[in-house]
Each structure stands twice: as C-alpha cells, then as structure tokens.
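Asks: Both chains are sitting in their own frames, so use the hints and assemble them into the complex.
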Amino acid sequence: MSNENITSGINHKQIIARKFVLYLLISSALISVFVVTLQTYYEYDTQLANIESRFDDIESANRESVINALWIADSQQINIILRGITQLPSIKYVTISEGPEIIYSSGNAPALNNSESNNLIVRSHSLYKYYQDKRIKLGEMHITASLDEVYENLITIGTKTFYHELTQMFIITALIFIIFYKLVGRHLEKMAQYARSLNLQELDTPLELDGYDRMQKEADELSHLVNAINDMRLNLKSSNQEKNALIQSLASSETKFRGVFESSADGVLLVNHKGMIEMANATLQNMSGFTEKELIGHPVETLVPKRFTQHEQLRQHYSNKPARRQMGGNMVLTLRCKDESEVPVEISLTPVKTDDGTIFAAMLQDISQRRQAEQEKEKLLQSLESKNAELERFTYTASHDLKSPLVTISGFIGLLRNDIADGHNERIATDLNRISDAAKTMQQLLDDLLALSRIGRATVPHTKVPLNTLINNVLEMLTGVIDSTGARISVEENLPTVIVEEQRFKEVFLNLIENGIKYHQSNVKPEISIGIHNNNSDGNGLITLYVRDNGIGIKSCYYHKIFGLFDRLDHGTEGSGIGLSIVKRIIEVHGGSIWVESEGQNHGSTFYFSIPDNN
Amino acid sequence: MNAQIKHGEALRILLVEDNSAHAEMVARSFENNRIANVIEHVSDGEQALNYLYRREQYSNVKTKPHVVLLDLRLPKIDGLEVLRDIKTSSELKSIPVVILTTSSADVDVAQAYDYHANSYLVKPIDFDNFTKMMDELGYYWLAWNHKPF
Numbered sequence: 081m082s083n084e085n086i087t088s089g090i091n092h093k094q095i096i097a098r099k100f101v102l103y104l105l106i107s108s109a110l111i112s113v114f115v116v117t118l119q120t121y122y123e124y125d126t127q128l129a130n131i132e133s134r135f136d137d138i139e140s141a142n143r144e145s146v147i148n149a150l151w152i153a154d155s156q157q158i159n160i161i162l163r164g165i166t167q168l169p170s171i172k173y174v175t176i177s178e179g180p181e182i183i184y185s186s187g188n189a190p191a192l193n194n195s196e197s198n199n200l201i202v203r204s205h206s207l208y209k210y211y212q213d214k215r216i217k218l219g220e221m222h223i224t225a226s227l228d229e230v231y232e233n234l235i236t237i238g239t240k241t242f243y244h245e246l247t248q249m250f251i252i253t254a255l256i257f258i259i260f261y262k263l264v265g266r267h268l269e270k271m272a273q274y275a276r277s278l279n280l281q282e283l284d285t286p287l288e289l290d291g292y293d294r295m296q297k298e299a300d301e302l303s304h305l306v307n308a309i310n311d312m313r314l315n316l317k318s319s320n321q322e323k324n325a326l327i328q329s330l331a332s333s334e335t336k337f338r339g340v341f342e343s344s345a346d347g348v349l350l351v352n353h354k355g356m357i358e359m360a361n362a363t364l365q366n367m368s369g370f371t372e373k374e375l376i377g378h379p380v381e382t383l384v385p386k387r388f389t390q391h392e393q394l395r396q397h398y399s400n401k402p403a404r405r406q407m408g409g410n411m412v413l414t415l416r417c418k419d420e421s422e423v424p425v426e427i428s429l430t431p432v433k434t435d436d437g438t439i440f441a442a443m444l445q446d447i448s449q450r451r452q453a454e455q456e457k458e459k460l461l462q463s464l465e466s467k468n469a470e471l472e473r474f475t476y477t478a479s480h481d482l483k484s485p486l487v488t489i490s491g492f493i494g495l496l497r498n499d500i501a502d503g504h505n506e507r508i509a510t511d512l513n514r515i516s517d518a519a520k521t522m523q524q525l526l527d528d529l530l531a532l533s534r535i536g537r538a539t540v541p542h543t544k545v546p547l548n549t550l551i552n553n554v555l556e557m558l559t560g561v562i563d564s565t566g567a568r569i570s571v572e573e574n575l576p577t578v579i580v581e582e583q584r585f586k587e588v589f590l591n592l593i594e595n596g597i598k599y600h601q602s603n604v605k606p607e608i609s610i611g612i613h614n615n616n617s618d619g620n621g622l623i624t625l626y627v628r629d630n631g632i633g634i635k636s637c638y639y640h641k642i643f644g645l646f647d648r649l650d651h652g653t654e655g656s657g658i659g660l661s662i663v664k665r666i667i668e669v670h671g672g673s674i675w676v677e678s679e680g681q682n683h684g685s686t687f688y689f690s691i692p693d694n695n
Numbered sequence: 003m004n005a006q007i008k009h010g011e012a013l014r015i016l017l018v019e020d021n022s023a024h025a026e027m028v029a030r031s032f033e034n035n036r037i038a039n040v041i042e043h044v045s046d047g048e049q050a051l052n053y054l055y056r057r058e059q060y061s062n063v064k065t066k067p068h069v070v071l072l073d074l075r076l077p078k079i080d081g082l083e084v085l086r087d088i089k090t091s092s093e094l095k096s097i098p099v100v101i102l103t104t105s106s107a108d109v110d111v112a113q114a115y116d117y118h119a120n121s122y123l124v125k126p127i128d129f130d131n132f133t134k135m136m137d138e139l140g141y142y143w144l145a146w147n148h149k150p151f
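Protein chains in written order, with the numbering used here: chain C, 81 to 695; chain L, 3 to 151.
Just chain L, same shape as in the assembly (with noise of 0.2 Å):
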C-alpha cells in the first residue's frame, strides 16, 4: 500500500440504513478494516438531515462526515431525497455521498447520478464480497481520497 495514511485523524462515516442487521453487517466490517473510523448509524432519512444539518438531538454534532453512506428505501424521507437535499445544499453539497443499497435497478443508478451521487455500490449478497467492499471502501475515501475538509 503506497498511500498516505494521515494518522491521528479517524475516517468518519454517516451510515444511514434502515435495516438494523445491514447497519450491524457494515459496522462489523469496518472494525476489522485497516483504517481508523468512526460510524454514525441513523436509520432513516429524516435523521440523517437533522444529523447533517446538526438539529435537534445532533445539534450538538461538531463535525461533518468524511463520507455518507446512503441507503435508497428509507423510511420518513426517502434516500434519493436525501441525496438530493445534501447535493443542492451549499453547506453539504461537498461531502462525497456513496450510495449503499440492494438496488441494482436502472432507475435507482440513473437517478443517483443525475442527483450527483458520488458513487453506487450494491450491496452484495455473498459475505466475503460484502467485506471486501467495505475494506476498499473504507482505504480508498481515506487513504487515496483527498477529502473536501
């Protein structure tokens, strides 16, 4: 591995997932990952906003996330409305979205583009994949990735 691990400064994701055994799958995954990481877990769309946007019960949050991790079907607020609210808000709209999700319809991918989703995984269903992914994942937006802040 060639890339620069800047120590000290923990990778720091926004998962936001609906299915709690997806959320625990993730998080599991990302504690045998290489690179230091701190995981926000919500669980539906509304909460992710109020999480970015640091109201109500995360108003006290003092930090953006390095990356979000978004889930398309969402309770409250949808994912791609999520989406579409982070990337048309002056404040959020640098913050790399990966879209995490079992979709793999064409729709899903063409409208997660055309709101200007950083990228789109689907979620794997064979496990040694799914980890995989997550390390990759978790080393390429922290250790290759130059990030917005």
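Okay, chain C solo, but in the shape it has when bound (with noise of 0.2 Å):
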C-alpha cells in the first residue's frame, strides 16, 4: 500500500466520525425543535381556553351584580366590580357602554392601532334587565384580555423544554457514540490497522479483534467479517504461494530457455509477424556481426543480402500459411553480414504461437565450411574423373596403338612368305626392315608408356630450382642439334626461382626446344624466345611461361590434338609422339596447365604453361 492510501484511510475514518456525530446533533436538534413546537402550541391551547373560562367566570359571577347596579345607578358599586374584574390575571380593561358612548371603566384603556393590539382578546355580552316582563338593555359590557402575559408564559416554558430537550439529546448522542466506539469503531479501526499492515510476505498474523473469541458461540456481525477477512488472508496467502511458484518455474523455464537460446551453435532469431525481430542469440550476432541493439526492433530484411527484393513478399506469404519447413528449397541461402560479406546458411522456420500472435523461429545454421568441404570433394571427383577419363584415354590409346605394330609384325611375316615363295626377292629386305621397324616402334611406345606412368609418382623431392639455370642445362645437352640446324635461342634474364622436381622440368624445356627446332620452316633457321609471360600479377597464384617458336605453327583446330597420346601431326618427323604428352603430365602433375597458341600455318607457335608461384 502507498503512503497515499494510507492517508486517505485516516481522512476517511475522520469524515465517518465527524458525520455520526453531526447527523445526531441535528437530528436530536429537529427532534428538541419538534417537540418544543408542539408542546408550546399546547401550552398556547391551555392558555386561551383558561381565559375563555375566565371570561366565563367573570360573566357568570359578575353579570346579576353589575346589572343590578346599573338599574340602580349605583356607580360606586359599579367601579368596584369592574375594578374587581381588572384585578385578575390578563384582564387589561373593562367597560360599561350605552350605544356608542362609554360610561363605566376600568383599567388602562389599550391604545387604538398600536403594535399590541393584536394581543388582545375583546369579549362583549348586552346587559338586559327583565323588568315587567319586558327586557330592557341597560348597555353592553367589554372585557379586554391581554395576551402579552400567555406569551410570555410560553417563551419561557419553550426555551426551558428546549435547554432540556437538547442537553437530554446531548448526552445520549455521547452515549450513543461512546457505546458505538466501544462496540463497533475501535474494530474498525483495528481492521483498518490490519489492512493497512498487511502485505504479501507477511500474512501468517491473523485478524483478532478484543474482546472476541474467534470461537465464541454467538457470531455476531463483526465476528463474521473478521472471519472473512482471515479467510480472504488465507486464500490471499495461498494463491500468493501459486503465484510465487508460478514465478520460480517461469524464471527457472526461462533459465532453461537463455541457455539452450545463447548455447546454441545455430544462429537462432525470433521474429514477430511484422517481420520485426524479437530476439537474436550470441552465435546470430558472431555471425552476422552485428550487435543486439542492431537487430532487436528491426527487419529482418537487415540480415537478407539486397538483392534478394522478393524477401519480403515471400515472408508475408509464409505468415499466411506458416508451417515448420526449411527454407529456400534448393537455393543457397546467404546471411547478410554487417560488413555487407556474406554467410551460407542453412535455415530452419518453425512458427510459435504466443499470446502476441505467431512468431516465427528461425534456425540459422552457417555451412561456409559445409560447402567448401562439399566444393573440395566436388572438385576432388572432378580431378578423379578426369583421371579416371584420361586413364581410359591412356588403355584405349595405348592398346590401339600397341596392337598396330603387331598386326604390321604378323602382316609382314605373311607378305615375306609369299614374297619368298612367289621369288620376289628384292622385296624381302623392305619386308623384313618392316617387321624390325614394328617391333622397335612396339619397345619405343612401351618405354614412352612406362616414362610416362613414372611421372608424378611423388618420389623424387621439390627442390628450388632458378630457371635461368634450368635452361642453360638443358641448352647445354642440346648443343649438338643447336649447333647443326643452326638455331638460335635466347632466353629472358632474370627468371624466378621455383620449386619443381628438377629432372621433370628439364625434360619439359627439352620437349618443347626440340620440338621449336624440329619442325622448323625449310630454308628458315629456327628462332626460339623463353620468356616469362605473366609473373602471377593478376594473383592466381600461378606463373606463366612461353616457349616461342618461328617453325611452321599449328591450326587451331589441332592445338588439344597435339597434347594426345601417340598424336602427331606430321608423319615426316620423327618420334612416337609421346612427347607433349609427357610434358603436359609434368606440368599437371606440378599444378599447372599447358596450351599453345599460334598465328597459324608457318607462323610459328608459342607454347604456353602455367606453374604455381612458390615464393
């Protein structure tokens, strides 16, 4: 209870007291006032019959005496008696007239249209006298009476019924209000006391009033009320505990619920049905970067990347019909972040009705890791398809191109046999250089087969290798063809170090200077430029070499055909066509990749490839 109550209670008991006992004075007053009143009119009643009695008397004791003396003139007599009748109470005046003309008085003559003239009570009576049978009026006689005396009577038995009306009501209103105290106001008053004290972590005391035994055999009314009141107490006292209970296991549930909320390793939101978030946890906030404050009260568009508009439409749409589902479908979903980056996510919505309406949980799970896992193995299988597709490439070409020899080696022992039965000797030498050429074609091939299938066998280490160096070593081995076709080659200064397997990368820069030299233009001397053609400056990690020839080039349509196992282009030069082959195994299986470019026929080629950059 606030200080405010309590003082209005005070007020309120004052104003209770204060009313008792004015509406008692005034109703005793009303009541002295009425029974004055009407005991004074009695008093008044009496008093005007005990001068109509008086008049009588008068006239009956005086009448026979007074006409008697008239008939006689004897005055003397006369001014006695009237005398005599003056003397009583309240009469004022009396007078003997005949006609109009006074001849007797007595007393004071009360002035004529003076203020008291309305007190006055005149009674007249004729004076006959029976003489001879005749009756003779001998004149009229008026006797005057003044009220002045009967009022005053009255005034003063009024104001004495009054005084005693009124200190008899006095003292019974105190009684009344002593004996009320005592019975009823003081509980009152306790009971208020008791009202007031109460509160909810108190409320074992229970109301006991003075004087009362809570188990007296009379109930009267107060006994009842503060049997109510202690009950009211009890049931108070209870539904507080439920209450209080009530409370412990909400905070308890809502323990439970911050900790499962925050712990959780998704990203959890609660958003209202105006798209409005509610709540955000710890994990959303890591995230997302942003802060509580950030997010609490606002769209949540804020955490959709721009440029998914239909957000928006598509929430209103699943308020509508909400339903626990994952989000997106098939679509990779994304957490806009505070930094404008972006998250993949996975996104559970599970609708939770609430007496504020449905609001909508959403699970965010962050798969960045998930997907690149998935990406690696996407691209992992790729690379084992492609291995796989070039290991079929590799059997199929490697057992078409075995089984020729063999079919030219068993060919040719038919043709020799028939050529020897037939006589035809001078083809005997031809048939038979086929048969050896077959079978050195067969070791070639299969000695290209095994150099290849060693390649990337991880057995010989990386080492820093400066591919200046490299080059000059590899010039150095090819100084016989340099020096017979006459072919001129310069290599760029400078070039970086890397980090291959030396003997492999040789055999690359060998491959591909022999190649520039062998199919040179006739009558044109070879040229070939080494150089670096992108020193990893766009930042793919990888550096970029060419190897430019000025021989007979290659068409467009032929440059994947010459990378081919046993492909070559040219029958009229030498080799099994391995070679560019195992160069593209050597710069795969270093990381890199090989392709070639050209201006066309007798434009020369450039062979370019592609190494990580190790520095």
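None of these hints come from the bench; they were simulated from the model. Quick reminder that beta carbons are idealized off the backbone N, C-alpha and C, glycines included. Where hints are given, some of them may not hold.
Stated by the list, open to error - Restraint ranges, calculated between C-beta atoms of paired labels, are given here:
no.	chain 1	residue 1	chain 2	residue 2	range
1	L	Asp130	C	Ser533	33 to 43 Å
2	L	Val40	C	Leu486	24 to 34 Å
3	C	Met411	L	Arg57	27 to 37 Å
4	C	Gln452	L	Asp128	52 to 62 Å
5	C	Asn410	L	Glu58	48 to 58 Å
6	L	Asp128	C	Leu461	36 to 46 Å
7	C	Arg473	L	Tyr142	28 to 38 Å
8	C	Ser533	L	Arg57	37 to 47 Å
Said to hold, decoys possible - Keeping only pairs whose Cα atoms sit at most 20 Å apart, straight-line, the calculated EDC-like set for lysine to aspartate or glutamate is:
no.	chain 1	residue 1	chain 2	residue 2
9	L	Lys134	C	Asp499
10	C	Lys641	L	Asp87
11	C	Lys483	L	Asp130
12	C	Lys641	L	Asp20
13	C	Lys635	L	Glu58
Replies: This is the structure we're talking about:
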C-alpha cells in the first residue's frame, strides 16, 4: 500500500466520525425543535382556554351584580365591581357602554392601532334587565384581556423545554457515540490498521479483535467480518504462494530457454508477424557481426542480402501459411553481415504461437565449412573423374597403338612368306625392315608408356631451382642439335626461381625446345625465345612461361590434339608423338596447365605453361 | 561366283591410313585381288577430306571413290571426324565408308555407326585372315554391292 492510500484511509475515518456526530446532533436538534413546538402549541391552547373560562367566570360571577347596580345606577358599586374584574390576571380593561358612549371603565384603555392590539382579546355581552316581563337593555360590557402574559409564559416554557431536550439529546448522542465506538468503531479502526499493515510477505498473523473469541458461540456481524477477512487472508496467502511458485517455475524455464538459446551452435532469430526481430542469440550476432541493439526491433531484412528483393513478399506469404520447414528450397541462402559480406546458411523455420500472435523461430546454420568441404569434394571428384577419363583414354590409346605394330609384324611375315614363295627376292629386305621397324616402334611405345606412367609418382623431392640455370643445363644437352641446325635460342634474364622436380622440368624445356627446332620451316633457321608471360600479376598464384618458335605453326583446330598420347600432326617427322603428352603430364603434376597458340601455318607457335608461384 | 562383274570399271578405293606399313599391307593384298581396283592412299584426315572435296593438291581428281577405307586414329583430323564430315555432306554421304582399324573398343564401334559408317572392320593380326578380309571386301563392294554411282 502506498502512503497516499493510508492517508486517505485516515481522512475517511475522521469524516465518518464527524458525519456520525453531525447527523446525531442535527437529528436531535430537529427532534428537540419539534417537541418544543408541539409542547408550546399545546400550552398556547391551554392558556387561551383558561382566558375563555375566565371570561365565562367573570360573566357568571358579575353579571347580576352589574345589572342590578346599573338598574339602581350605583356607580360606586359598579366601579368596585369593574375594578375587581381588572384585578384578575390577564384582564386589562373593562368598559360598560350605552350605545357608543362608554359610561364606566376600569383599567388601562389599550391604545387603538398600536402594535399590541393583536395581542388583545375582547369579549362583549349585552346587559339586559327583565322588568315587568320586558327586557330592557341597560348597556354593553366589554372585557379586554391581554395575551402578553400568555406569550411570556409560552416563551419561558418553550425555552426551558428546548434546553432540556437538547441536553438530553447531547447526553444520549455522547453515550451512543461511546457505545458505538466501543462496539464497532475501535474494531473497525483495528481492522483498518490490520488491513493497512497487511502485505504479501506477512500473511501469517490472523486478525483478532479485543474481546472477541474466534470460537465464541454467538457470532455477530463483526466476527463474521473477521472470519471473512481471515479467510481472505488465507486465500491471498495460498494464491500468493501459487503465484510465487509460478514465478519461480517461469524463471527456471526462462533460464533453461536462455541457456539453450544462447548456447545453440546455430544462430537463432525470433521474428514477429510484422517481420521485426524480437530476439537474436549470441551465435547469430557473432555470425552476422551485428550487435543485439542493431537487430532487435529492426526488420529481418537487415540480415538478407539486398539482392533478394522478394524476401519481404515471400515472408508475408509464409506468414499467412506458417509451417515448420526448411527455407529456400534448393536455393543457396546467405546471411548478410554487417560488413556486407555473406555467409552461406541453412535456415529452418518454425512458427510459434504466443498470446501476442504467431512468432517465427529461424535457426541458421553456418554451412560455409560444409560448403567448402562439398566444393573440395566436388573438385576432387572432378579431378578423379578427369583422371579416370585420362586413364581410360590412355589404355584405349595404348591398346590401339600397341596392337598396330603387331598387325604390321604378323602381316609382313605373311607377305615375306609369299614373296619368298613367289621369288620376289627384291622385297625380302623391305619386308624385314618393316618387321624390325614395327618391333622398334613397339619398344619405343612401351618405353614411352613407362616414362609417362612414372611421372607424378612422388618419389623425387621438389627443389628450389633458378629457371635460368635449369634452361642453360637443357641448352647444353641440346648443343649438338642446336649447332647442326644453326638454331638461335634467346632466354629472358632474371627468370624466377621455382620449386619443382628438377629432372622432370628439364624434360619439359628439352621437349619444347626440341620440338621448336624439329618443326622448323625449311630454309628458315629455327629461332626460339623463352620468357615469362605473366608473373602472378593477376594474383591467381601462377607463373606463366612461354616457349616461342618460328616454326611451321599449328592450325587452331589441332591445338588440343597435339597433347594427346602418340598423336602427331605430321608423319614425316621422327618420334612416337608422346613428347607433348609427357610435357603436359609433368606440368599438370606440378599443378599447372599448358596450352598452345599459333598465328597459323608457317607463323610459328607459342607454348604457354603455368606453374604455381612458390615464392 | 555368281556375282556380275562389270568389266571395264575398276573399284576405286580411297585408303585413309597413317601407318605406312599397314597401307602397304592393304595395297599388296589388293594386288592379288580377284577384282580390278585402284587404290588412292592418303595418310591423314585432312588429306582425306581434301581428296574427297577435291581441294588443294587434289583439285584435279575427277571421280569419287566407290568406297572409303577409313582408319580411326589419324593425325590432324581424326577418323571419326572425317566420317562425320562425309556423312553430313550432301555431296559425299552416299559414298560407302568402311572403318578399318585396329581398335575394337565398343565406344569406337558405337560412335562409328552413330555417324552412319557403312561397315566396321577390325584389322586381324593373323595375316591369312587379313588377306582374306581384303579379298572379300573388294569382291563384296565391287561385285555384290550396287554402287550408288
């Protein structure tokens, strides 16, 4: 209870006491006035009756003597009688008149038209003398009585009665007040005090009134009230206990919820039906970089990349038909972070019905690692598939190309037999050459296959090799060919140092330079330049080198074919055609790639190959 | 042999073969053949198409071959590419194309027929079979078979 209420309680009590006394006084005063009025009126009647009877008495007592005295005109006697009458109480003035003329009078004649005239009563009667059976009128007697005394009496009596009544009423009022206070007032006050001191923490003390035994046999209204208040107290106590238990269980469930909410490995968002964020857990804050303040009360579109313009519409659509489901279908969903970066996420939506309407719980799982793993898996699968395809091509090619010399050998043995039988001796030598060439080809193919299969077996460690040194070594190995063809070879200075399998990398340059010399245009001396095309300038981690020649060139439709196993564009030249296959394989094993460009036939060709920049 | 042999017209064969030893074997087999024949040999796919379309050094070729013997693995333009080119050309598609290769791989056979090869032959390693195949091949296409032109 607040102080204000306590104060008003006191005021209320005082008002009741005041009202109580006031009503008692007013009512007793009214009763007194009523009683006094009644009594006074009764007294006034009595007094008037007294005066009337006095008039009668005077008439009956004095009539005969006055008539007789008038008859004999004994004025002395008449005056005595009249004086005697005026001696009577209230009688002020007596006259005997003959016609309009007053012949005898006694007492003070009342002034005519004065204010007291209202307080006068006049009784007149005629005086007749029966003489010789004739009625002779002797005159008229007028007796005037004053009511002043009557009024004085009335006032005296009235006042006395009024005071008497008033005193009596005061005493009764006081007594009633005391009794009332004793019986009710103090108990009410105590109840008020009790009610005022009552609070939810202290509901154990029962209300007890002085002089009231709770078990008393005759229960009066107060004890009913006390019992009712005590019952109310107990009800209050038990409902308070229930409330406390409820609050406690609420608090514990809130703690549990908070614990799960905040510790969830997934980002959790609660969004109301208007699309405003109501809660966002720490995981989500960490994921997005937004603080709680920047999220709560803001539209959930804060967390959606701006290009998903249809999100709001979709959300409203979902809001109309809420169901537990995965969001986005097959679409890759991303969370918009504060720094405008995006995190790939999987989002599951659950509608939760509350008293404030349906809210939506969104669980966001960061799937960037999973996606990365998936992408790596995909990459691995792809590389595996391409390896598999390569292997298939390889076995196919190998079986085809290995079968070919067998057909030759077997065929020419048959032809040789026929030639011998037919006596075509001049053919014998060429037949035998065909056979031995086929055998040599077979040998070469097998050697090449073996060489190719060796590449990529991680038996040889990669070392730091300055490219210029490596190329110079290769050029030394090629001294014979270079000298015999008069080839000019220029190498860019300050080529980078790379980390490679040195021996294999020599083969790359050996093959490319040899090819450049081999496929030269007739009458044109081979010119070969080696240099750097792109030194990881675009940041893809690769260095691209080139080997350019001025040879016969390659048509663009053959670009892919020259790297195939045993493929040659020109059968007029030596070799099994495996050289560029080996180069390609070495480059790929080193993590790079190789391609060729040519301005067309007789315009030379440029081989580009990339290797990882390990610096 | 009941087949009618049209005298005075030899079977014109275009042999597309990159392996010179194989080409010689085919040529020598046809030397002993029962039927008259003329073999034109080219050693890669590009030359084959140039011959058929009478381009470059073959611009003065007068007639189309009656049959093309086509190896599959060829330098420059692959045999299957040559086949596809022939069979999609309104000018050349009526020429019977017989694939003659060492490959018996399913994928090659399927691809060749997909490109409308008229026949698919695998070079036998056995010499007798080889000569027999060449003999019957010539006889079939010249004697039994009605040529498109």
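Asks: Could you run down the list of hints and mark each one as holding or not?
Replies: A quick look at each hint next to the structure:
no.: 1; hint: Asp130(L) / Ser533(C): 33 to 43 Å; result: 35 Å, holds
no.: 2; hint: Val40(L) / Leu486(C): 24 to 34 Å; result: 29 Å, holds
no.: 3; hint: Met411(C) / Arg57(L): 27 to 37 Å; result: 54 Å, violated
no.: 4; hint: Gln452(C) / Asp128(L): 52 to 62 Å; result: 58 Å, holds
no.: 5; hint: Asn410(C) / Glu58(L): 48 to 58 Å; result: 54 Å, holds
no.: 6; hint: Asp128(L) / Leu461(C): 36 to 46 Å; result: 43 Å, holds
no.: 7; hint: Arg473(C) / Tyr142(L): 28 to 38 Å; result: 34 Å, holds
no.: 8; hint: Ser533(C) / Arg57(L): 37 to 47 Å; result: 41 Å, holds
no.: 9; hint: Lys134(L) / Asp499(C); result: 17 Å, holds
no.: 10; hint: Lys641(C) / Asp87(L); result: 18 Å, holds
no.: 11; hint: Lys483(C) / Asp130(L); result: 17 Å, holds
no.: 12; hint: Lys641(C) / Asp20(L); result: 15 Å, holds
no.: 13; hint: Lys635(C) / Glu58(L); result: 16 Å, holds
In terms of the numbered hints stated before, the structure departs from hint 3 and from no other.
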